[in-house]
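S.K.: These protein sequence lines map, in sequence, to chains C and Z.
Read in my numbering, the first sequence has 241 at position 241, and its numbers run on one by one without any break.
All you need for my numbering is the position in the second sequence, starting with 1, plus 310.
If you're looking for bench data, these hints aren't it; they were derived computationally from the structure.
Small disclaimer: the values here were computed from a predicted structure and weren't measured.
You may find that some hints are simply not true.
[Claimed, not checked] If you want a taste of the chain Z side facing chain C, the calculated C-beta under 10 Å gives, among others:
#, residue
1, 343
2, 345
3, 346
4, 348
5, 352
6, 354
[Unchecked claim] What the simulated footprint calls covered on chain C by chain Z, stretch by stretch (three residues with Cβ under 8 Å from a Cβ of chain Z suffice, anywhere in the stretch; the number is not a length):
#, region
7, 239-247
8, 257-270
No residue lacks a Cβ here, since even glycine has one placed at the ideal position from N, Cα and C.
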Amino acid sequence: MPQRSRFVDARALGRARPLGLTARRVVDGYLAGHHGSPQPGEGVELLQFRAYEPGDDLRRVDWRAYARSDRFFVRESEVERDIVVRFVLDATASMGVAEFASGGQRGDAAAGTKLDAARGIVATLGVLADRQGDRVALHVIGDGARGGRAARLGGLSMVFSQLESITAGGRWGDRGLARAGLPPRRRRDLVVVVSDLYQEADEIETDLGRLAAVGHDVVVLHLLHRSEYEFLLPEEGVFRDAETGELRVVSTSGLRAEYLARRDTELAAWQRLCQRRGFTYQRVLSDESMVDWLPRLLQRRRTPSRGGLR
Amino acid sequence: MSWYWLHPGWLVASLATLLPILIHLWGRGRGREIVVASLRWFPDGPSHTARRWQPRDPWLLLARCLSLLCLALALAGPRALVPPRATAATWILVEPTAVAVPEGRERLAELRRSEPGAEVRWFLPEAPSFGAGVEVPPAATDWIDDQWGVLRAIDAAAPPGVELVLLTSDRSVALPGSRPEVGRSVRWVTVPLHQPQEWAVLPAQPVARRVSTSAHTLGISAEPAVGRRPWSVELVAPADRSVGRDLLSRAIRSIAARGWPVTLAAAADTTPAPSASLVLGADSLPAAGVRWQLRESDGLERSCRGSVLPTTLRLSFSVTRCLEAPAGEVVWRAPDGAPLLTRSVVPPEGAGPPRIRYLLASRVAPDWLQLDAVGWADWLEARWRLDGLLPTEVVPPGRDRRLAFAGEQRPRTTAAGVPSTPRPRRWPESLLWGLTGALLLAERILQRRRG
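Start from the sequences and build out the full structure, keeping to the hints where you can.
M.R.: Take a look at the structure:
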């Protein structure tokens, strides 16, 4: 299995590493790691002093305090635990569409797909989590997840291997997260959703609601092509929906305003949804360097405000 | 105003109008397909199928279709048949011999009733006025030597806009020769002086004997036994009266020497026909037996039989090229039932293909005919045979299936009561050519704007 991945953005990783990938909510962990645990125990950072009670470990008695006050105090510190960073990678057909070159010309495969950009995001954030002692898991949504979609914990190399073999195809569908092997209510994790959030009805919205119900700390990375975001498309053509196959002949001239209005409406709706559920929402363009947005995202997550709009 | 097409085969080319439409649909159907992640933000547009049938550049497509249609129609040669215009004034010209018979006087009375304001004049030099009743023609006007010259003179003297109605006997209109070009329309009303003759088409047989002189050829050809006409005598003579008479005398003597029961004599030289100088006397012709054919320098054979003046003028010519012709005889008839064009198959002379003989007859004038065609094939074949012979205006077989041959000056009324013939006009074709040019220019402009 590969120990390194060609998808990792080393420059972005270097800028993001000092900030770290932190969970903004209380999550569950078992092993020593970067994140704090809700249960006090042995650790480095002092949590509190309390009166000694029979049965307490004598090694935790603060003898200096006893010398000063002639009373027994037990020193309690926060136990640092690891968390599981679960990446939910949208590998549906819409993620496999290549970017258009500037000027509205049809792009080729070399222009890169949203899935390629998503691979880079997952790989970089995976390395970041791994280096800070967290375990990672990858959950792929779509028909192109080879070797099964069930994630295995702790294996960054496994994640890299999965990223190499993923192809775009299929749709999100109902209970897409469950089919991708995301454990429903076992524990609270940090879940990073990388998707273009293209849903036929409200299946993605429903799945995100389930994540919120469990109590996961969710980061939503809304990935879009620049041509898709800024309406850089040919003047006229037969446009085919990658997932539904619907054909529509549209003359794009004169329709830019309406297109952008619809785009803004939907993006604002996603932002409001994430803000309401306490998610972190980040819009990412596929040709955008991670250096431009990843440090800001991590910095924003370190601040007390919740959610956040770009 | 009715229409007909000079080259109706080109109407098939109007199907080319579909070409731009098909090309347009082909182009629309194979438009560039662009895969996008989703159509969620795309404004609602027509479906692919509906869009395909929606023209992209409707004006350009229309210009292309119309230009092709106009081109096809112009190549088909549309003609408009314009009925004769009613003129402000009418001169009824009465040829003296026409009113010598009761039927002519009745026809004149009808003309006076139908043309209330018409001015009646004699068809004589200087067109003297005609009285209220039927008057005696001016002295020494028994017969006009040069009727066409009189017509030209009256045409020049008549005021502009005056329509000429010529009441004349059928022998006048039967005169051979080119009609004069006059500056106005002349309506012909003929009075038959003699009953129309029965005539038959007799295919020629190989010449049994040919007598040659230094300049002329007298041939005697045997005919098959058709009715009571076992023989025909073919006389080839130039358009010279004296030589013709001499040759005719030789022919008569030659025939008489063979003991055939015929007596023929040259008639008095009373007809000022410039090219056909032989006139057979009616009294000297047998009721049945011999048919004379005078072959003139123009290659047409004209025969007359049984009357002093030919009320039936027969033009016959042979076509040496042979097509697959149906056996038997095909006859095109005039609206009154009289046969006008006859096609027959002539047996070959020895080894060789059979010949097709066409006999073209007109009781009115040699330069105008109106024929009935029995079908498209016959119409096309007759058209092909006769096109180089006479100036033609062809009406394709439609409801009446007429085949009209127009001369320079043609009468619009025949003695048999054939209705007046409208004049064909070329302006529809000219208009279509102009429209084609304008549409092509518009197409280029629209194409350039489209870039």
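S.K.: Now tell me if each hint is right for this structure.
M.R.: Results for each hint:
1. 343: holds (5 Å)
2. 345: Where the cut-off is 10 Å and the nearest Cβ of chain C is about 5 Å from residue 345/Z, the hint holds.
3. 346: holds (5 Å)
4. 348: holds (5 Å)
5. 352: holds (6 Å)
6. 354: Check passed: Cβ of residue 354/Z comes within 8 Å of chain C, closer than 10 Å.
7. 239-247: Holds: 8 residues of the region 239-247 of chain C have a Cβ under 8 Å from chain Z.
8. 257-270: Our answer is that it holds, as 5 residues pass the Cβ test (under 8 Å) against chain Z, meeting three.
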